[in-house]
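Let the hints inform the model, and build the full structure from the sequences given.
Line by line, the protein sequences are chains A and B. Using this note's numbering, the first residue of the first sequence is number 779, and each one after it goes up by one. Using this note's numbering, the first residue of the second sequence is number 77, and each one after it goes up by one.
Any given hint might turn out to be false.
[Unchecked claim] Result set (DSS-like, lysine-lysine): computed pairs, CA atoms no more than 27 Å apart in a straight line:
#1 A:K1140 x B:K146
#2 A:K780 x B:K353
#3 B:K269 x A:K1178
#4 B:K97 x A:K1011
#5 B:K398 x A:K1213
#6 A:K793 x B:K292
#7 B:K398 x A:K1011
#8 A:K1011 x B:K145
#9 B:K223 x A:K1009
#10 A:K832 x A:K1009
#11 B:K146 x A:K1011
#12 A:K780 x B:K400
#13 B:K145 x A:K1170
#14 B:K97 x A:K1134
#15 B:K145 x A:K1071
#16 A:K1140 x B:K145
#17 B:K353 x B:K398
#18 A:K1001 x A:K897
#19 A:K858 x A:K827
#20 B:K145 x B:K97
#21 A:K1009 x B:K292
#22 B:K269 x B:K223
#23 A:K780 x A:K1009
#24 A:K1140 x B:K292
#25 A:K780 x A:K1001
#26 A:K1011 x A:K1140
#27 A:K1178 x B:K400
#28 A:K780 x B:K292
#29 A:K1178 x B:K321
#30 B:K400 x A:K1213
#31 B:K292 x B:K97
#32 B:K145 x A:K1009
#33 B:K400 x A:K1170
#34 B:K223 x A:K1011
#35 B:K292 x A:K1170
#36 B:K146 x A:K1170
#37 A:K1140 x B:K97
The set of hints was computed from the structure by calculation and includes no laboratory data.
Chain by chain, the residues:
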Amino acid sequence: MKTFSTGGVHPPENKLTANCSIQYLPLPQSVAIPVSQHIGTPANIVVNKGDSVKTGQVIAESKGFVSAFIHSSVSGKVNKIDTVIDTSGYRQTAVFIDVEGDEWVDTIDRSEEILTDIKLSSEDIIRKCLQSGIVGMGGATFPSHVKLTVPAGKKCDVLIINGVECEPYLTSDHRLMLERGEEVLIGTTILMKALNVSMALMGIENNKPDAIEHLTRLATGFKGITVYPLKVKYPQGAEKQLIKALINREVPSGRLPLDVNTVVHNVGTAFAVYEAVQKNKPLFERVVTITGKSVAKPGNYVVRTGTPVSKLIDAAGGLPEDTGKIVSGGPMMGKAITNTGVPVVKGTSGIILFPKSESERKSPEPCIRCAKCVSACALNLEPYLLMTLSEKGLFEMAGKERITDCMECGSCSYTCPAGRPLLDYIRLGKATVIKMARERVIKN
Amino acid sequence: MSNLLNVSPSPHEHGQETTRKLMTGVIIALIPAFLASVFYFGYGAIIVTATSVISCMLFEYLIQRFIFKKPVTITDGSAVVTGILLAFNLPSNIPVFIIIIGAFVSIAIAKMTFGGLGNNPFNPALVGRVFMLISFPVQMTSWPVPKGFATGYTDAITGATPLAIVKEGLKNGDTIQQLMAQVPGPAQMFLGKMGGSMGEVAAVALLIGLIYLLVKRIITWHIPVSIIGSMAIFTTILWLINPDKNADPMFHILAGGVLLGAIFMATDYVTSPMNPKTMMIYGCGIGILTVVIRVWGAYPEGVSFAILIMNAFVPLMNAFIKPKRFGEVVKNG
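Here is the structure:
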């Protein structure tokens, strides 16, 4: 069975919600929809205070190539345009809408029927993705239309669909593959058409045998799609690691998958693309896992963007008494949020409530040079060294040691027996090195 | 608000491994060799080990408490490991005061002067051992003949180690064939029935320890295998060139401290390299230097010196030999 060769760790899986079917979260009274739910330029708000909006209506327009449209996730009145603290902990501009009923834009096909025939051309699919505000649903939220636009001189010969879900706890992709497998595969076919490739490989870790079995069976009805079970290892869901595992190509340092003639999309993205292209439905809701060891009713919910996290916690039986930390995303790469008013956005794959006992770090001890961080690093960097260099402010040297290659998967900090905050320092060093490089460019 | 949330950067999950668990693992892996040394050398083995461990812990405690004035961390197990390894490198009849001096050199000079755990360039137990070897050459090279609990402590009957017999004999013009008749056979050497440092004699016990360390992923195979492998290749070449003057590879590997050194001393985290490629170079260096010292040097045994010499190269190797980064060389297909 395939996996990537270098590094990796095996955190406890804790997939508590693997058997919980996707449910619809009741609509909140109001939503706060941030205009920056993607990597790139924040969208340009096109509604005003007091405007009535419908579910699916554009409320902010894409600005520049790397940007995305934002749609209203509810129907109602724009209450205000203000700031809200998002998952990053910073204040972001958001459109606050008071919910009134649930009236959808009438171009959206709300029927249950699954549409298989793809009528749109490649260009039209890419345009549709842009207009529907599709971004990478795995968490990175990179605008999908950018990834689908192959620049002149580059070619793509294989599409990779990421169904790995290597983060512990999260099951939103798993449930989506099980319950919406056909749509995911149609979405994959649409992506193949957009990229003009005849082959798509779907990688799923073998801790989800039901999803592998289900999709393998369905895939026989689709041309060019093959499902590959993968040996469980974190961070297999990382783009470069998945490419290495599936087709044994190594994306060069600082480059993109297209440099090895491939493009990777998440299963969640494939589903969103299906809905956008076949059902005319823009991206304003997604599957979110709400989980945690002391959560009364963990589950998987379809949540409208802008819904405060507190609504999701209420649906799961309320905030457990012992909660010490709330994480948006997976436990390895997710962000700890500062309050439960933070809105769910396009990239929110899960909300994890950690009990107090698991929410505090132990105090760091001296490095014993055991080299466990070196063997855990999936990029074959030397985390102990990068940490020391950043700690001592030797950023030039850190740059030479390729600190900017780090994808911040957290395997080094996870594995360190001395509990050293390796990734904290590496992040600092990486940010500084990137800033220094930018300043150099400006100076010259 | 009573229920404040913790906010910290990712990862939010941490593995179960701790420094203390790793050190405990090493101590467990040393138990078979300790039992073997008690079996062969009786009370002496217990006295030497206990003295060494207690003095190492005591010196570390005193220095941390009264000189560093920082929290005392002797419970992390590293001083215990140093104490056991130092004891394993000594003859079982060595007087207590010499052990205490050795422990002082190991902990105070080789470890704490550099800042304590994680900062010492040389293996503390080996620094202590080599200091003792040079300062007390007689006591450090009078090896009790293994007689179990009948061995006695300071009044033990002593004899030479197989390596010393061979070194001395070759100097006197004897051939290897003649000398091999005077040393224990491979089977006896494998079980440990020979003179030597108390922890190094029983190959079988050390190999059980190695398996434990590998299974528990406390160490990787790179260092032990490259040391033993490079020694085997080098000594095979010498043996094939002149079998009258050079012992066979099996003898070289089973005699003396090769296994103790390769499994427990050279793999010391702090003083060994940090990536597999460098570990192999380091291991080969130790293997080759050991043979060079044994065959051409003044001492019959060279493992301690070889490890210390290679320890000195570790910072250089870490700085100049880099692992192949992911995405460094474009290789497709």
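Hints versus structure:
Distance check on the hinted pair: A:K1140 and B:K146 sit about 18 Å apart at the alpha-carbon level, within 27 Å; holds. Annotation: proposed proximity of A:K780 to B:K353 holds, straight-line Cα distance about 24 Å (limit 27 Å). The suggested pairing of B:K269 with A:K1178 is violated, with an alpha-carbon distance near 53 Å, which exceeds 27 Å. With a C-alpha separation of about 23 Å, the suggested pair B:K97 and A:K1011 falls inside the 27 Å cut-off, and the hint holds.
Between B:K398 and A:K1213 the CA atoms are separated by roughly 25 Å; this keeps the pair inside 27 Å, and the hint holds. For the given pair, A:K793 sits about 26 Å from B:K292 by alpha-carbon distance, which is consistent with the 27 Å threshold. For a cut-off of 27 Å, the pair hint linking B:K398 to A:K1011 stands: about 24 Å separates their Cα positions. Taking the CA atoms of A:K1011 and B:K145, the gap is about 43 Å. The hint is violated against a cut of 27 Å.
In summary, the hint linking B:K223 to A:K1009 is not supported, as the alpha carbons are separated by about 53 Å, beyond the 27 Å threshold. For the given pair, A:K832 sits about 45 Å from A:K1009 by alpha-carbon distance, which is inconsistent with the 27 Å threshold. For the given pair, B:K146 sits about 40 Å from A:K1011 by alpha-carbon distance, which is inconsistent with the 27 Å threshold. Taken as a hint, the A:K780 and B:K400 pair is honoured in the structure, with Cα atoms around 21 Å apart against an allowance of 27 Å.
For the given pair, B:K145 sits about 24 Å from A:K1170 by alpha-carbon distance, which is consistent with the 27 Å threshold. Of the pairs offered as hints, the one joining B:K97 and A:K1134 holds, with about 23 Å between alpha carbons and a cut-off of 27 Å not exceeded. Restraint check for B:K145 and A:K1071: the C-alpha separation of about 41 Å exceeds 27 Å, so the hint is violated. For the given pair, A:K1140 sits about 22 Å from B:K145 by alpha-carbon distance, which is consistent with the 27 Å threshold.
As the CA atoms of B:K353 and B:K398 are separated by approximately 8 Å, the hinted pair is consistent with the 27 Å bound. Proximity of A:K1001 to A:K897 is assessed by CA-CA distance (about 16 Å); at most 27 Å being required, the pair is judged to hold. A threshold of 27 Å between alpha carbons decides the hint, and for A:K858 with A:K827 the separation of about 5 Å falls inside it, so the pair holds. Under the criterion of a C-alpha separation no larger than 27 Å, the hint pairing B:K145 with B:K97 is consistent with the structure, at around 25 Å.
A distance of roughly 21 Å separates the Cα atoms of A:K1009 and B:K292; the hinted pair therefore holds under the 27 Å criterion. In summary, the hint linking B:K269 to B:K223 is supported, as the alpha carbons are separated by about 9 Å, within the 27 Å threshold. For the hint pairing A:K780 with A:K1009, the CA-to-CA distance comes to about 6 Å; that is within 27 Å, so the pair holds. The hinted pair formed by A:K1140 and B:K292 meets the criterion: a straight-line CA distance of about 23 Å does not exceed 27 Å.
In summary, the hint linking A:K780 to A:K1001 is supported, as the alpha carbons are separated by about 22 Å, within the 27 Å threshold. Between the alpha carbons of A:K1011 and A:K1140 the distance comes to roughly 25 Å, so the proposed pair stays at or under 27 Å and holds. Restraint check for A:K1178 and B:K400: the C-alpha separation of about 14 Å stays at or below 27 Å, so the hint holds. Restraint check for A:K780 and B:K292: the C-alpha separation of about 24 Å stays at or below 27 Å, so the hint holds.
Restraint check: the Cα-Cα separation between A:K1178 and B:K321 comes to about 51 Å, which exceeds 27 Å; the hinted pair is violated. A threshold of 27 Å between alpha carbons decides the hint, and for B:K400 with A:K1213 the separation of about 26 Å falls inside it, so the pair holds. Proposed proximity of B:K292 and B:K97 is supported: the alpha carbons are some 11 Å apart, at most 27 Å. Taking the CA atoms of B:K145 and A:K1009, the gap is near 49 Å; set against the 27 Å cutoff, the hint is violated.
Between B:K400 and A:K1170 the alpha-carbon distance is near 25 Å, which keeps this suggested pair within the 27 Å criterion. Proposed proximity of B:K223 and A:K1011 is contradicted: the alpha carbons are some 52 Å apart, above 27 Å. For the given pair, B:K292 sits about 34 Å from A:K1170 by alpha-carbon distance, which is inconsistent with the 27 Å threshold. Distance restraint check for B:K146 and A:K1170: the Cα-Cα separation of roughly 22 Å lies within the 27 Å cut-off, and the hinted pair is therefore satisfied.
A C-alpha spacing of about 15 Å is found between A:K1140 and B:K97, which places the hinted pair at or below 27 Å, so the restraint holds.
Hint violations for this structure: numbers 3, 8, 9, 10, 11, 15, 29, 32, 34, 35, all remaining hints satisfied.
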